[in-house]
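Asks: Single-letter residue listing:
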Amino acid sequence: MSDFIEIKNLVKRFDISGGLLEEIRFKGGIHRKKTVVHALNGVSFGIKKGETVSVVGESGCGKSTLARCVIRIYRPESGEVFYNGKRVDNLSSAAIKPWRAKMQMVFQDPYASLNPRMTVYQTLLEPIRFHFRDVSRSEADDRVAAVMKQVGVDPDWRKRYPHEFSGGQRQRISLARALAVKPEFIIADEPIAALDVSIQAQILNLFMDLQAEQGLTYLFISHDLSVVEHISNRVVVMYLGSLCEFAGTEQLYTAPKHPYTRALLSAIPQFGSEGFNHMRLPGDVPTPINLPSGCVFHGRCPHADERCRREIPAPITEADGRVVACHGVEEGRLEWL
Amino acid sequence: MKLFKKITASNLFYNFLRDPMAIGSATVLLFLLVASFGAPLFTSHNPYDQTTIDIMDAELPPIWTGAADADSRFLLGTDPQGRDMLSTMLYGMRVSVLIGAGAVVLQSLIGIIIGLIAGYKGGRLEALLMRLADVQLSFSTYMVAIFISAVFQGIFGMGVYSDYALGLLILVIGFAEWPQYARTVRASVMAEKNKEYVEAARVIGLPQRRIMFRHILPNTMTPVLVISTVQMANAIMSEAALSFIGLGMPPSQPSLGSLIKSGFDYIASGSWWISLFPGIALVVLILSINLLGDWLRDYLNPKLYKD
Amino acid sequence: MQKQEPLLSVRELSVAFKMRGGVLTAVDGVSFDLDRSQRLGLVGESGAGKSVTGFAILNLVSRPGYIAGGHVFFEGRDLATFSEEEMRNIRGNRISMIFQDPMMTLNPVLTIGQQMVETLKAHRHISKHEAEKIALNKLQKVAIPSPEKRLTQYPHEFSGGMRQRIVIAIALLTSPSLIIADEPTTALDVTIQADIMELLLNLCEEEKMALLLITHDLAVVSQVAERIAVMYAGRIAELGSTEAIVNAPQHPYTQGLLKALPQKVERRKRLNQIPGSMPSLQERPPGCAFYDRCELRGEICHRESPRLVEKNAGLVACHMVKDTTGKEEK
Ligand SMILES: Nc1ncnc2c1ncn2[C@@H]1O[C@H](COP(=O)(O)OP(=O)(O)OP(=O)(O)O)[C@@H](O)[C@H]1O
Ligand SMILES: Nc1ncnc2c1ncn2[C@@H]1O[C@H](COP(=O)(O)OP(=O)(O)OP(=O)(O)O)[C@@H](O)[C@H]1O
Ligand code: SF4
Ligand SMILES: [Mg+2]
Ligand SMILES: [Mg+2]
Chain A
21 MSDFIEIKNL VKRFDISGGL LEEIRFKGGI HRKKTVVHAL NGVSFGIKKG ETVSVVGESG
81 CGKSTLARCV IRIYRPESGE VFYNGKRVDN LSSAAIKPWR AKMQMVFQDP YASLNPRMTV
141 YQTLLEPIRF HFRDVSRSEA DDRVAAVMKQ VGVDPDWRKR YPHEFSGGQR QRISLARALA
201 VKPEFIIADE PIAALDVSIQ AQILNLFMDL QAEQGLTYLF ISHDLSVVEH ISNRVVVMYL
261 GSLCEFAGTE QLYTAPKHPY TRALLSAIPQ FGSEGFNHMR LPGDVPTPIN LPSGCVFHGR
321 CPHADERCRR EIPAPITEAD GRVVACHGVE EGRLEWL
Chain B
10 MKLFKKITAS NLFYNFLRDP MAIGSATVLL FLLVASFGAP LFTSHNPYDQ TTIDIMDAEL
70 PPIWTGAADA DSRFLLGTDP QGRDMLSTML YGMRVSVLIG AGAVVLQSLI GIIIGLIAGY
130 KGGRLEALLM RLADVQLSFS TYMVAIFISA VFQGIFGMGV YSDYALGLLI LVIGFAEWPQ
190 YARTVRASVM AEKNKEYVEA ARVIGLPQRR IMFRHILPNT MTPVLVISTV QMANAIMSEA
250 ALSFIGLGMP PSQPSLGSLI KSGFDYIASG SWWISLFPGI ALVVLILSIN LLGDWLRDYL
310 NPKLYKD
Chain C
2 MQKQEPLLSV RELSVAFKMR GGVLTAVDGV SFDLDRSQRL GLVGESGAGK SVTGFAILNL
62 VSRPGYIAGG HVFFEGRDLA TFSEEEMRNI RGNRISMIFQ DPMMTLNPVL TIGQQMVETL
122 KAHRHISKHE AEKIALNKLQ KVAIPSPEKR LTQYPHEFSG GMRQRIVIAI ALLTSPSLII
182 ADEPTTALDV TIQADIMELL LNLCEEEKMA LLLITHDLAV VSQVAERIAV MYAGRIAELG
242 STEAIVNAPQ HPYTQGLLKA LPQKVERRKR LNQIPGSMPS LQERPPGCAF YDRCELRGEI
302 CHRESPRLVE KNAGLVACHM VKDTTGKEEK
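Residue numbers (the numbering used here), protein chains in the order written: chain A, 21 to 357; chain B, 10 to 316; chain C, 2 to 331.
In short, the hints are calculated from the structure, not lab data.
It is possible that some hints are incorrect.
[To be verified] Calculated lysine-lysine pairs in the DSS-like style (CA-CA distance at most 25 Å, straight line):
| hint | chain 1 | residue 1 | chain 2 | residue 2 |
| --- | --- | --- | --- | --- |
| 1 | A | K117 | A | K106 |
| 2 | B | K130 | B | K204 |
| 3 | A | K54 | B | K130 |
| 4 | B | K14 | A | K117 |
| 5 | B | K14 | A | K179 |
| 6 | A | K117 | B | K130 |
| 7 | A | K69 | C | K134 |
| 8 | C | K122 | C | K209 |
| 9 | A | K169 | A | K122 |
| 10 | C | K142 | C | K129 |
| 11 | A | K179 | B | K204 |
| 12 | C | K270 | A | K202 |
| 13 | A | K179 | A | K106 |
| 14 | C | K270 | A | K68 |
| 15 | C | K209 | C | K134 |
| 16 | A | K169 | C | K142 |
| 17 | A | K202 | B | K130 |
| 18 | A | K54 | A | K117 |
| 19 | A | K106 | A | K202 |
| 20 | A | K28 | A | K169 |
| 21 | A | K54 | A | K68 |
| 22 | C | K122 | C | K142 |
| 23 | B | K204 | A | K122 |
| 24 | B | K14 | C | K19 |
[Unchecked claim] Negatives, chain C to chain A, calculated, CB over 12 Å:
| hint | residue |
| --- | --- |
| 25 | E46 |
| 26 | L189 |
| 27 | R294 |
| 28 | N313 |
[Said to hold, decoys possible] Ranges between beta-carbon positions, derived for each pair:
| hint | chain 1 | residue 1 | chain 2 | residue 2 | range |
| --- | --- | --- | --- | --- | --- |
| 29 | A | R329 | B | N20 | 43 to 49 Å |
| 30 | B | R27 | C | E87 | 33 to 39 Å |
| 31 | A | I116 | C | S63 | 49 to 55 Å |
| 32 | C | Q115 | A | R95 | 24 to 30 Å |
| 33 | C | E284 | A | E338 | 40 to 46 Å |
Cβ coordinates follow ideal geometry from the N, Cα and C atoms, glycine included.
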């Protein structure tokens, strides 16, 4: 089966230099120096129809940037995004409209992701009216009620404003807004991070139910590794804007290969296990402003050698479909671990 | 009725009822507004109606001074043209408030649109618009107003000027102060536009104009409301100042400022009331607007504007 | 058996906030004990009153909040009877606090060294030189590399994880006997979270400090604390040893939380969710606050609020939990 969503070599940089005056440097003559954040450095992977692919990684590693490039909130510097075989990242704002209805996004902050001045009804009606011009008012009303029911919010509450709802309910409404245009693909950027533990399971169930009912495809971003293990078919591990490893959930969690994946998975808080036995990484996460040479992880990697410091490891697809970008794995010198 | 309920149930109203300063200034302001806009109902004289004015009544002192020439018809005395001070003042306050309100509406229209575009679009356009605002701000309101009024008076003569003075003052003061709005709106647009609900609107594919006006603009109105009070007070002050130097409202349709000016020449001759009463009215008006604005600012944003 | 008096004893502590629509009781009759060099975890839903409890212990509740009742005994003395002066000697000296956001503790315009020396000199009569020596020692304890150099740096020059280490070092300066840590790792990544938690655990053991660890993450708590108190809607729902809570939770809320963990069901299957959400503290129901969401609820639960009593291996506030040890008093 070919990929439903295909992400190829996405590169995204943010210029944060500010004004012209701040850019000018006088070292050895006058020249402009730009401060650039390398948020994504050539990330590629594919998502099959109906599956959930999750992205995990440390804060600032580019997960949200990736999501926003795929959904075209940001324009990537280079790279391509294909939707069902059709390249969508270079379409004009007008040409992309039909795809807007097919790809939707749910955000992290249930308090910021709904317009505080619009009622639930207005929030949900707007996308329907915009994408389905020929739907009558009463049909649209029915549709609003239907999506509200789908996400478990009483349609009688449609005249209420967001501040009258709890965090979990707001997240349901955000999901309803995404569902209103009948999408096939939903990107969820940490949709449960801001919710109570006892609410998280409700929202995750909702995501899974909707997927079962409507065959939705998810790109799911989370830093909760147990949740990711539970809901995903495949997992992307990112570090500092680069893909480290991409593999089936089972494969990845039982036998992580990339040294960073190993460290990350070993740090999952273990229920009832007394004390800690996680891999301790030396050093700090470097800033994406001055990227390290070679492998972005070499500064903290216990297996780094000369080649790692020099050469950027290319993602290599193994026989079982797992993708790993690590010299150590490629050379087979990590296998004995 | 529903609206009334909504207002009385709101936090704003609750907070208002618990702030004596707010209640006090709102009451004073309301009193002044009712008195000035209802002036034809409350006053004995219409200062615009030449036939009711008798030049023989000029410069009569207020009745309580007990002066021999005090006239019981004129509670606060009369001005140099023989108009009843109280009536003229109320009509004058109406003119002042009208100019202030008109100028604020104009300022906010220009400022909000420019601020919204600059904040949302960013980049070169933003830089250009905001530099424009800086340039505009660097000419003080008075400079602009003096220049335009003087040119207008010079070209068209005093007669035409009198006919258009009100509109002209609104335009001049409105144009001079839009950058305040543009800056405020731009700042809050920049904060709003990165919020997730705006991103959600973009993901839906809504056109930029709809995102700007339907989603972002309503969420930037709080600071606009706050500065509007200050701007209103400023506009009334600007008008008064311009009138005082003779570039504002003509004596035939006096504003508070032109009344103060017309009385100023007579202070030396002992007719203090002609300047004093409009002066007091002006101060009370400005003060009540500013106090109400302060309360609103504290209520709406306890953190942002301190210092 | 003569039991040694606990280091910290919270008795029927209540904290209320004066709000528009009436009084909001954020903490409602909370009692627990914490022995010397013991670690207690305080977990619960957002808004359950965990942070407010932490602040109330140090008498740091600010307007519109106030302590509405109860007592806090520290080393046997009622903190309510302390003057503000005496309280300052407790805060940041005998009891240190660590917050979620390190910048709440760190002053951005002072170097780390200046802040540490300042803190020490506020509580001890020592010279700057001695203070610096202690500071250096504590920085080494929290595994900050090249601490001499670090003393002269400003907070913004450190990463999030490093800042939290520095905050811990500052908390250690005065060798307190109790540390209250309010979500100390919530803002950090998992790898760094594990490092910091381990550090905190080791330091408590080495320095014989007691720890009150406030967090919403049961798994994290279970790795560090010896006992766990589960809060719900301003009250303690269950309190027991970590082992008991993790392996045999009694309160339906704790049970629900543990059952809802992804590990409890097969991959890609529906999770066991708890329906509904925590009631607003302003409209606390007359009976058990968990009633609406509870699987075990009975008729009495709706009428009467359950008290925290000893049942089986721990304390639990639930009418429906049966005591099988046969010593339940009625
Ligand atoms: N609009 C922006 N302007 C400048 N820099 C940005 C912008 N958005 C993201 N960045 C930078 O790009 C990098 C990646 O950020 P991103 O938000 O994608 O990380 P993330 O993995 O989602 O992190 P988190 O887990 O904290 O959400 C960070 O260093 C961030 O500071
Ligand atoms: N300054 C305040 N004014 C009004 N109410 C407050 C204030 N601080 C806390 N509260 C209320 O007290 C209750 C308990 O808050 P608290 O901060 O203790 O929760 P928490 O358990 O620490 O939650 P979280 O996990 O979100 O930190 C909440 O309902 C909150 O609304
Ligand atoms: S490439 Fe080298 S430095 Fe990077 S993870 Fe692999 S072994 Fe470590
Ligand atoms: Mg993110
Ligand atoms: Mg808290």
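Asks: For each hint, tell me whether it holds in the structure or not.
Replies: Verification of the hints:
| no. | hint | verdict |
| --- | --- | --- |
| 1 | A:K117 - A:K106 | holds (14 Å) |
| 2 | B:K130 - B:K204 | holds (15 Å) |
| 3 | A:K54 - B:K130 | holds (21 Å) |
| 4 | B:K14 - A:K117 | violated (42 Å) |
| 5 | B:K14 - A:K179 | holds (17 Å) |
| 6 | A:K117 - B:K130 | holds (20 Å) |
| 7 | A:K69 - C:K134 | violated (62 Å) |
| 8 | C:K122 - C:K209 | holds (23 Å) |
| 9 | A:K169 - A:K122 | holds (21 Å) |
| 10 | C:K142 - C:K129 | holds (20 Å) |
| 11 | A:K179 - B:K204 | holds (23 Å) |
| 12 | C:K270 - A:K202 | holds (24 Å) |
| 13 | A:K179 - A:K106 | violated (39 Å) |
| 14 | C:K270 - A:K68 | holds (19 Å) |
| 15 | C:K209 - C:K134 | holds (21 Å) |
| 16 | A:K169 - C:K142 | violated (55 Å) |
| 17 | A:K202 - B:K130 | violated (30 Å) |
| 18 | A:K54 - A:K117 | violated (34 Å) |
| 19 | A:K106 - A:K202 | holds (19 Å) |
| 20 | A:K28 - A:K169 | violated (37 Å) |
| 21 | A:K54 - A:K68 | violated (39 Å) |
| 22 | C:K122 - C:K142 | holds (20 Å) |
| 23 | B:K204 - A:K122 | holds (22 Å) |
| 24 | B:K14 - C:K19 | holds (24 Å) |
| 25 | E46 | violated (5 Å) |
| 26 | L189 | violated (8 Å) |
| 27 | R294 | violated (8 Å) |
| 28 | N313 | holds (18 Å) |
| 29 | A:R329 - B:N20: 43 to 49 Å | violated (59 Å) |
| 30 | B:R27 - C:E87: 33 to 39 Å | holds (35 Å) |
| 31 | A:I116 - C:S63: 49 to 55 Å | holds (50 Å) |
| 32 | C:Q115 - A:R95: 24 to 30 Å | violated (45 Å) |
| 33 | C:E284 - A:E338: 40 to 46 Å | violated (57 Å) |
Checked against the numbered hints given earlier, the structure breaks hints 4, 7, 13, 16, 17, 18, 20, 21, 25, 26, 27, 29, 32, 33 and satisfies all the rest.
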